[in-house]
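Student: My numbering puts the last residue of the sequence shown at 367; the count rises by one with no breaks.
What the hints contain is simulated information worked out from the structure, not anything from laboratory work. All figures in this text were calculated on a predicted structure; none of them were measured in a lab. Positions of the beta carbon are idealized from the N, C-alpha and C atoms, including for glycine. Be careful, since some hints might not be right.
[To be verified] Per label pair, the in silico range of CB-to-CB distance:
1) Glu205 with Phe80: 17 to 27 angstroms
2) Ser70 with Gln261: 45 to 55 angstroms
3) Ala22 with Trp95: 13 to 23 angstroms
4) Thr9 with Arg77: 21 to 31 angstroms
5) Glu176 with Arg74: 19 to 29 angstroms
6) Gln106 with Leu153: 37 to 47 angstroms
7) Ser277 with Gly15: 42 to 52 angstroms
8) Gln206 with Ser70: 39 to 49 angstroms
9) Arg74 with Pro40: 50 to 60 angstroms
[Said to hold, decoys possible] List of simulated lysine to aspartate or glutamate pairs, DMTMM-like, C-alpha gap at most 25 angstroms:
10) Lys136 with Glu246
11) Lys297 with Asp152
12) Lys178 with Glu320
13) Lys137 with Glu36
14) Lys330 with Glu192
15) Lys155 with Glu176
16) Lys297 with Glu198
17) Lys42 with Glu140
18) Lys42 with Glu176
19) Lys38 with Glu246
20) Lys136 with Asp187
21) Lys297 with Asp187
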Amino acid sequence: AHTWLDRITDSTCAGYKSIAPAGGLSPFSTTSLTWERKWPVKPDLVMEGGNAARDADSFCTELDDLSLISTSYRPERRLFAPFNMTSAAAAQAAWMATQIQIAYPQAWPETLRALMVHSAEWTDAMEEAFLDGDSKKGYERLLQICGYGVPDLGKALRCATSRLTLIAQQELQPYEQKSGGGYGTHDMHLFELPWPKEVLADLGEQPVTMRVTLSYFVEPGPGRIGWRDRYRYASHALRFDVNAPEESPLDFMKRINHAVQDEEEEDGRVGANSGSSHWLLGKRARDRGAIHSDIWKGNGAELAACNHIGVYPVIGWWRERAHLGRWNRKARYALVVSIHTPEQTVDIYTPVVAQIGVSHPILTEAG
């Protein structure tokens with residue numbers, strides 16, 4: 001939970017001050033900062049959960065002024081009651097997911113979560129409190145405390161002229177049985193993005209951003225062994241990568257295959273020509289759990305050349321515990337990609353619509 005509630009107007013509480021600043025992390029929220037790296041980053045998002053107050057003696061308490069309001073569970077006594085903590089945040093997250101589902105009834109649950117995370121941003125107060133330096137390690141710390149930030153329903157529902165969003169809902173079979181015995185990875189999906197290359201190239205050195213979000217659900221591993229071995233908890237794991245500006249599609253595919261074979265995500269290495277300097281988080285921070293989101297920053301000419309995204313599997317217990325009969329199952333995922341230009345006059349939307357031949361490039365299947 002985060003909070004924007006920091007004003008106390010009740011005259012009987014004049015000696016109290018709010019604990020969290022407006023836009024900061026709610027005092028009721030918990031984080032994954034101390035968790036081992038094999039576990040997911042939690043929370044995924046933060047939503048309004050109210051604030052707490054303390055007096056001059058550091059006595060802390062809840063106040064109605066610093067809480068949301070909801071219907072009371074005892075309407076015969078009162079119609080409304082204060083509502084706060086992560087229960088309030090969870091209720092708002094459910095409401096937001098419902099609004100997206102209503103707007104896009106064909107969207108999968110994986111897509112709803114992807115759109116919520118994809119629309120999220122950290123507030124200035126969060127960055128001021130928890131961003132320890134403008135580095136990947138600093139942003140990883142911020143991610144572990146505040147998740148991907150506060151989601152924006154407007155961004156999740158629509159794209160404007162200067163913000164283009166493409167969504168793919170796909171499934172793949174992560175693993176297969178090898179002809180010589182044993183089990184290995186099977187499917188990988190390669191997407192060619194219909195970027196308006198001429199429009200982007202004309203931007204020259206002007207800054208542009210691209211955000212990529214990959215969302216899927218795993219089947220947790222049965223038994224306590226799943227708590228000790230990172231390959232025994234999640235049924236499967238997926239990753240995404242984007243070709244670097246100077247990297248050909250063939251070299252890009254070779255790099256992904258090499259990453260899968262060597263399990264390079266284990267120690268954070270990303271290989272040559274990965275373009276990691278363009279990413280805000282990088283693979284070490286984003287490749288945890290089953291929701292991966294990152295922001296690419298560069299100029300228009302560079303982004304015009306970054307037009308391939310690969311989605312590929314890495315080890316999970318479906319493969320490592322093949323005797324349980326899950327190795328040939330398929331896995332669904334949602335991939336959301338958006339680009340944003342700072343100038344409202346730059347039309348990146350129309351050229352893409354013309355390329356892919358649809359009137360609205362949202363929830364279109366990609367191959």
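Student: Against each hint, give a clear statement of whether it holds in the structure.
Tutor: Each hint tested on the structure:
1. Glu205 with Phe80: 17 to 27 angstroms: Once the Cβ atoms are compared, 55 angstroms apart, the range 17 to 27 angstroms for phenylalanine 80 and glutamate 205 is violated.
2. Ser70 with Gln261: 45 to 55 angstroms: holds, 52 angstroms
3. Ala22 with Trp95: 13 to 23 angstroms: Taking Cβ atoms as reference, alanine 22 and tryptophan 95 lie about 22 angstroms apart, which means the hint holds.
4. Thr9 with Arg77: 21 to 31 angstroms: Cβ of threonine 9 to Cβ of arginine 77: about 24 angstroms, so the range 21 to 31 angstroms holds.
5. Glu176 with Arg74: 19 to 29 angstroms: violated, 57 angstroms
6. Gln106 with Leu153: 37 to 47 angstroms: violated, 19 angstroms
7. Ser277 with Gly15: 42 to 52 angstroms: Check passed, 51 angstroms falls within 42 to 52 angstroms.
8. Gln206 with Ser70: 39 to 49 angstroms: holds, 46 angstroms
9. Arg74 with Pro40: 50 to 60 angstroms: violated, 37 angstroms
10. Lys136 with Glu246: holds, 22 angstroms
11. Lys297 with Asp152: Given pair lysine 297, aspartate 152 holds - Cα atoms ~21 angstroms apart, limit 25 angstroms.
12. Lys178 with Glu320: holds, 13 angstroms
13. Lys137 with Glu36: Measuring from Cα to Cα gives roughly 15 angstroms; hence the hint holds.
14. Lys330 with Glu192: holds, 22 angstroms
15. Lys155 with Glu176: The hint is violated at about 38 angstroms.
16. Lys297 with Glu198: Between lysine 297 and glutamate 198 the Cα gap is close to 18 angstroms, so the pair holds against 25 angstroms.
17. Lys42 with Glu140: Distance of about 12 angstroms is within 25 angstroms: holds.
18. Lys42 with Glu176: With a Cα-Cα distance of about 31 angstroms, the restraint between lysine 42 and glutamate 176 is violated, given a limit of 25 angstroms.
19. Lys38 with Glu246: Cα-Cα ~32 angstroms, so violated.
20. Lys136 with Asp187: Roughly 30 angstroms separates the two Cα atoms, so the pair is violated.
21. Lys297 with Asp187: violated, 29 angstroms
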